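**Q** Sequence:
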Amino acid sequence: MKQLLLIGLALVAAVVLGKFIVGDPGYVIIGYGQTTMRTSFVVFCVIAALALLVFYLVIRFLLWLSRLGSGVRQRREMKKQKQLSKGYLALASGDWREAELLLGRDDDDSRVTPVRYLAAAEAAHAQDAVGRRDEYLQRAQQLLPEARHAVELKQAAIHVDEGRLDAARALLMDVLDTDSDNAEALRLLTRVLREQGDWQRLVDDLLPQLKRSRAFNRFRLEELERDAHEQRLRGASGEDVEAAWKAVPRDARRVPALVAAYADARAAGGDTSGAEQLVRKALQRGWHAELARVYGRIEGANPGRQRAVLDSAAAGGHEEAPETLLALARLDFRAEDWAGARGSLERLLALSPSPAAYQLLGATLEQIGDPTGAQEMVQQGLRLAVSGATDA
1 MKQLLLIGLA LVAAVVLGKF IVGDPGYVII GYGQTTMRTS FVVFCVIAAL
51 ALLVFYLVIR FLLWLSRLGS GVRQRREMKK QKQLSKGYLA LASGDWREAE
101 LLLGRDDDDS RVTPVRYLAA AEAAHAQDAV GRRDEYLQRA QQLLPEARHA
151 VELKQAAIHV DEGRLDAARA LLMDVLDTDS DNAEALRLLT RVLREQGDWQ
201 RLVDDLLPQL KRSRAFNRFR LEELERDAHE QRLRGASGED VEAAWKAVPR
251 DARRVPALVA AYADARAAGG DTSGAEQLVR KALQRGWHAE LARVYGRIEG
301 ANPGRQRAVL DSAAAGGHEE APETLLALAR LDFRAEDWAG ARGSLERLLA
351 LSPSPAAYQL LGATLEQIGD PTGAQEMVQQ GLRLAVSGAT DA
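Just so we're aligned, residue 1 is where the sequence shown starts under the numbering used here, counting upward by one.
No lab work stands behind these hints: they were computed from the structure.
Where hints are given, some of them may not hold.
[Stated by the list, open to error] Pair by pair, the computed Cβ-Cβ distance ranges are: (1) R253 with F219: 47 to 55 Å; (2) P371 with G317: 36 to 44 Å; (3) E162 with G373: 44 to 52 Å.
Keep in mind that this is a model prediction, so the values were computed, not measured.
No residue lacks a Cβ here, since even glycine has one placed at the ideal position from N, Cα and C.
Can you build the whole structure from these sequences, using the hints too?
**A** What follows is the structure in structure tokens.
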């Protein structure tokens, strides 16, 4: 409709113009320097119209070429994105060969290629292709020097997987020297220190950083903190025991597992009286498997009183717990209550056999004059230990 209207207006204008031209065709003179060109008004209008038409067509052609180039680039970009998506999907699904093939290709986009190379390095690592893996990592860092930390994090993760913990630790410390709140570096360093058993470094240096960062959520951080303090206490000796306990936050000093680890370390250092008192107070607040296990091992001055404390703490649902039964048996054995020890051990073996229970029952039978039965219990305990069973 719009085009018809324009055509109609053009025809009307042509008719009106034609009437003027018939009466007086006129002329047009164009001069430039010493050159002069003269033509009729009609010819000038035709030439001007043709010039405008050519200009319009040239503009339209240039716009078409621009759109054509943009379309080609867009299709090429869509193809790249499709390859990237397929590559990352292959990586996520464990198709390492396909992932490396799609992600390891050269690309002229310097913003994306380093990321692709990092992913390709992961795929190559999963195939044990060490040479290709290192080449991808090197390419990523060459293309984007700012990606040095990302490359180091990937290398550190690879070192951890391969058990080269010292190399991983050095790389992670380098990252944290310039980016102390890097969440991935903190998570990896936490794993490294746990596997190395460096609980002192984890407690004294890393935990404060973890609390300032967002590497772990609150619940995971609390769990990690308790475990780190517990493991540090279990590995401490001498003066280190008290230093490890002082490092435990005050609000965590009633956590049963931490109290048990502290008491165990004190008893191992010869302070059985202090250890017994510590666990006794904790048991009076409530029964816990770790507390019962440690209490049975503490060789206090009065095993009969220890038994009464444990009996009272276990009353109400924990009387038949394996930890309670083994602890009671140990206390009865030390008190030379052979019948009590035997009864607890037989109930324990019916519920949850363990090498320690068989060994203690063998020692009990030896005391009451049954060497044959004692030998049989010891052999059963050895067979169970060889099969991989753990002691309470």
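**Q** Decide, hint by hint, whether the structure agrees.
**A** Hint check:
no., hint, result
1, R253 with F219: 47 to 55 Å, "20 Å, violated"
2, P371 with G317: 36 to 44 Å, "38 Å, holds"
3, E162 with G373: 44 to 52 Å, "51 Å, holds"
Going through the hint list in order, the structure does not satisfy hint 1, though it satisfies all others.
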